[in-house]
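*Asks:* Residue-level listing of the chains:
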Amino acid sequence: MDTFLQQLINGLTVGSLYALVALGYTMVYGVMKLINFAHGDMVAFSAYVGLTIFTQFYGSNALSLVNIVIVFSLTAIVVAFIGVLLERLAYRPLRTAPRLSAVVSALGASLVIQNGIMLIWGPNMEIFPANVFPSTSWNFGGVIISFTQVVILALSAVLMISLYIFINKTKIGTAIRATAIDQSAAKLMGINVNRIIMTIFIVGSMLGAIGGLFIGIYYRGLTFDMGWLYGLNAFIAAIIGGIGSIPGAMLGGLLLGLFNAMISGYISTEWAETFTFILLIIILIVRPTGLLGEKTAEKV
Amino acid sequence: MDTKNTSIATLFIVVMALFPFVVDSAWLSIGITFLVFAVVAFSQDIILGRAGIFNMGHAIFFGMGAYTTAILNVHFGLEIVATIPFAILVPVVFSILLAGPIIHLRGDYLLVATIGFNIIFEQVLSNDIFGLTGGPNGIFGIDVVRVFGYELWSDIAIYYIAFGLLIITLFVIRNLDTSKYGRALYYINKDEIAAKSMGINISYYKLFAFALGAAIAGAAGSVFAIQYSAVSPESFNFMQSVMFFAIVLVGGSASLPGILIGTFVMFVLPELFTEFKESRYLIFGAAMVLTMILRPNGVWPAKFGNIPKFLKKKVVNKSEEK
Numbered sequence: 001m002d003t004f005l006q007q008l009i010n011g012l013t014v015g016s017l018y019a020l021v022a023l024g025y026t027m028v029y030g031v032m033k034l035i036n037f038a039h040g041d042m043v044a045f046s047a048y049v050g051l052t053i054f055t056q057f058y059g060s061n062a063l064s065l066v067n068i069v070i071v072f073s074l075t076a077i078v079v080a081f082i083g084v085l086l087e088r089l090a091y092r093p094l095r096t097a098p099r100l101s102a103v104v105s106a107l108g109a110s111l112v113i114q115n116g117i118m119l120i121w122g123p124n125m126e127i128f129p130a131n132v133f134p135s136t137s138w139n140f141g142g143v144i145i146s147f148t149q150v151v152i153l154a155l156s157a158v159l160m161i162s163l164y165i166f167i168n169k170t171k172i173g174t175a176i177r178a179t180a181i182d183q184s185a186a187k188l189m190g191i192n193v194n195r196i197i198m199t200i201f202i203v204g205s206m207l208g209a210i211g212g213l214f215i216g217i218y219y220r221g222l223t224f225d226m227g228w229l230y231g232l233n234a235f236i237a238a239i240i241g242g243i244g245s246i247p248g249a250m251l252g253g254l255l256l257g258l259f260n261a262m263i264s265g266y267i268s269t270e271w272a273e274t275f276t277f278i279l280l281i282i283i284l285i286v287r288p289t290g291l292l293g294e295k296t297a298e299k300v
Numbered sequence: 001m002d003t004k005n006t007s008i009a010t011l012f013i014v015v016m017a018l019f020p021f022v023v024d025s026a027w028l029s030i031g032i033t034f035l036v037f038a039v040v041a042f043s044q045d046i047i048l049g050r051a052g053i054f055n056m057g058h059a060i061f062f063g064m065g066a067y068t069t070a071i072l073n074v075h076f077g078l079e080i081v082a083t084i085p086f087a088i089l090v091p092v093v094f095s096i097l098l099a100g101p102i103i104h105l106r107g108d109y110l111l112v113a114t115i116g117f118n119i120i121f122e123q124v125l126s127n128d129i130f131g132l133t134g135g136p137n138g139i140f141g142i143d144v145v146r147v148f149g150y151e152l153w154s155d156i157a158i159y160y161i162a163f164g165l166l167i168i169t170l171f172v173i174r175n176l177d178t179s180k181y182g183r184a185l186y187y188i189n190k191d192e193i194a195a196k197s198m199g200i201n202i203s204y205y206k207l208f209a210f211a212l213g214a215a216i217a218g219a220a221g222s223v224f225a226i227q228y229s230a231v232s233p234e235s236f237n238f239m240q241s242v243m244f245f246a247i248v249l250v251g252g253s254a255s256l257p258g259i260l261i262g263t264f265v266m267f268v269l270p271e272l273f274t275e276f277k278e279s280r281y282l283i284f285g286a287a288m289v290l291t292m293i294l295r296p297n298g299v300w301p302a303k304f305g306n307i308p309k310f311l312k313k314k315v316v317n318k319s320e321e322k
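Heads up: the protein sequence lines correspond to chains A and B, in order. For the first sequence, this note's numbering begins at 1 and goes up steadily by one. For the second sequence, this note's numbering begins at 1 and goes up steadily by one.
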């Protein structure tokens, strides 16, 4: 029972990281029908940016709350800027091109970011400092929860709830949903589609940046090609929840995190990815639209 | 076909056939690499370019061919020549088993599912399943090719094996293009719903494309195993699949010269400019983005099946007369 509860906590923590990253995938897919392969590498990039800001400004000193907020927002702003740049340079010129061209462009952009990281920070593993958050942890009858985990769970919950409110209650959110349903109709209603897509890349990149920072703080080891792994997992989370659906990405992330934790806790860590992808393929065969995705007829 | 294309094709084949006599051994092995990867790219083109299936796991079939040859030769002592039929058959069987359940999925979902298969394949190889695949280091010490008692160990012999395979592949593609199967695939690629309503069995033809692509990739894998006399998982990882996927689309779907250019750029240029090896993928990535922006249909797009310009003009004139 202790193992189960421990894996539950670990799974939820990892799951919220997946969910944060998955939101970026699902929002872009929802509006542009494009798998943004570069998103995973943006996440890796943000972990590196965060690391650099930490070590440059704060050395090895313990951080106060204000400093943490500064580092997080600075990283988010830098990554959002890169996200907008990515959309401008690699995706906007291809909006009317065949779909596969955009996929290749996304793959190319992903290679550029990944190898850009390698050229800037080097091919060796970088280690995140251990003292970003206090190393306090609580022990509830054998189940250990660290301070970092609590921060990750709490901040992810806050971010996801605010995103949900932003999408469903604000004017821009309504415009985003309208653009996702029908781009040309949205344009006729006076929505600036270019600006909506830019907003999506800003919001998605910021969420990804915070996810990337948390990944750095939680796992600590950073490699330049780690974006593929987290990106793929997050993308699977988005599909499990139903790609294009924002609550779906949140649910899918948490479920995938739990699934991963249970597999590595009870069955095997060597085959963990295999189980993840078998789950993905089963879901694709049984319910390709995911858990919360709506079934829509393909347009002719 | 017009004479210009025929003469370019003839020139290419003659140059490739004489290539081993004018170069040293380093260039020769680059030549073998080019031929093998060109064959794999052509087989990926049958699936992705001709049938329009978003397959991003093509390294699986390439790897299955290589590993089948390696396992049968090293663990079971079969002659290399005798392993080649298995190296073709095993990928075909797996392509049907794997693609069968997902063949009805639409584009992006199928793409993600094939990525999944490739990651599972990598894990199967590096976890040394049943003690056959040799784990992360792969399998060493694959025998030389023996035909009727002759040992074909020289690079020149291997070059001509690969060259022969390329010629066979081109021949298969030419026949495919002019057959019922090729036309069905072309139609499915252009408009799936229309093809379906004309009575074309979509899943059947798509699986056919998968199986044919897997067979050719498997044969290429076998030659790859012969060339290096070793196989290891990283030659068949997800990144390789991305490369094959990109070659077809950057070169031009269903365009033979385009795919040769794509293979050359992705696999041969990096061998020539080793000083750029560090930033190799950075340049590739940027080139992929740029090519797609400037030429969304690839560097050398195929012309097959497009409506000729003079026909289009006539139609416009008639409607103006009314």
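Some clues are possibly wrong.
[Claimed, not checked] DEER-style ranges, computed between Cβ atoms:
1. B:PHE12 x A:PHE57: 26 to 36 Å
2. A:PHE147 x B:PRO136: 52 to 62 Å
3. B:TRP27 x A:LEU85: 39 to 49 Å
4. A:LEU119 x B:LEU269: 38 to 48 Å
5. B:HIS104 x A:SER64: 49 to 59 Å
6. A:ASP225 x B:PRO257: 53 to 63 Å
7. A:LEU89 x B:TRP27: 46 to 56 Å
8. A:LEU89 x B:ILE167: 40 to 50 Å
9. A:LEU89 x B:ARG280: 43 to 53 Å
10. A:ILE77 x B:GLY164: 57 to 67 Å
11. A:ALA272 x B:VAL144: 47 to 57 Å
[Claimed, not checked] A few chain B residues facing chain A, derived, Cβ under 8 Å:
12. VAL74
13. LEU105
14. GLN123
15. ASN127
16. GLY131
17. ALA246
For the record, the hints were derived by calculation from the structure and aren't laboratory data. Virtual Cβ for every residue (Gly too), placed ideally from N, Cα, C.
*Asks:* Looking only at beta-carbon atoms, does the pair ASP225 of chain A, PRO257 of chain B fall within the given range of 53 to 63 Å?
*Replies:* violated (33 Å)
*Asks:* Could you say whether the range 43 to 53 Å given as a hint is met by the Cβ separation of LEU89 of chain A and ARG280 of chain B?
*Replies:* violated (20 Å)
*Asks:* Taking the beta carbons of TRP27 of chain B and LEU85 of chain A, is their distance inside 39 to 49 Å?
*Replies:* holds (41 Å)
*Asks:* How does the Cβ-Cβ distance of HIS104 of chain B and SER64 of chain A compare with 49 to 59 Å: does it lie in that range?
*Replies:* holds (56 Å)
*Asks:* Do LEU89 of chain A and TRP27 of chain B keep their Cβ atoms within the hinted range of 46 to 56 Å?
*Replies:* At roughly 37 Å between Cβ atoms, TRP27 of chain B and LEU89 of chain A fall outside 46 to 56 Å, so the hint is violated.
*Asks:* Using the beta carbons of LEU89 of chain A and ILE167 of chain B, state whether their distance is inside 40 to 50 Å or not.
*Replies:* The hint (40 to 50 Å, Cβ to Cβ) holds, given that LEU89 of chain A and ILE167 of chain B are roughly 41 Å apart.
*Asks:* Lying within 38 to 48 Å: is that true of the beta-carbon distance LEU119 of chain A to LEU269 of chain B?
*Replies:* The hinted range 38 to 48 Å is violated for LEU119 of chain A and LEU269 of chain B, with Cβ atoms some 19 Å apart.
*Asks:* Under 8 Å is the threshold here; is the Cβ of GLN123 of chain B close enough to any Cβ of chain A for the hint to stand?
*Replies:* holds (5 Å)
*Asks:* Using 8 Å as the Cβ threshold, decide whether LEU105 of chain B counts as touching chain A.
*Replies:* Interface hint status for LEU105 of chain B: holds (6 Å vs cutoff 8 Å).
*Asks:* Would the hint on ASN127 of chain B stand, with a C-beta cut-off of 8 Å toward chain A?
*Replies:* Check passed: Cβ of ASN127 of chain B comes within 6 Å of chain A, closer than 8 Å.
*Asks:* Please verify that hint: GLY131 of chain B, Cβ, nearest Cβ of chain A, below 8 Å or not.
*Replies:* violated (15 Å)
*Asks:* I want to verify a distance hint. Is the separation of the beta carbons of ILE77 of chain A and GLY164 of chain B within 57 to 67 Å?
*Replies:* Holds, at about 58 Å.
Violated hints, in rising order: 1, 2, 4, 6, 7, 9, 11, 12 and 16; the structure is consistent with all others.
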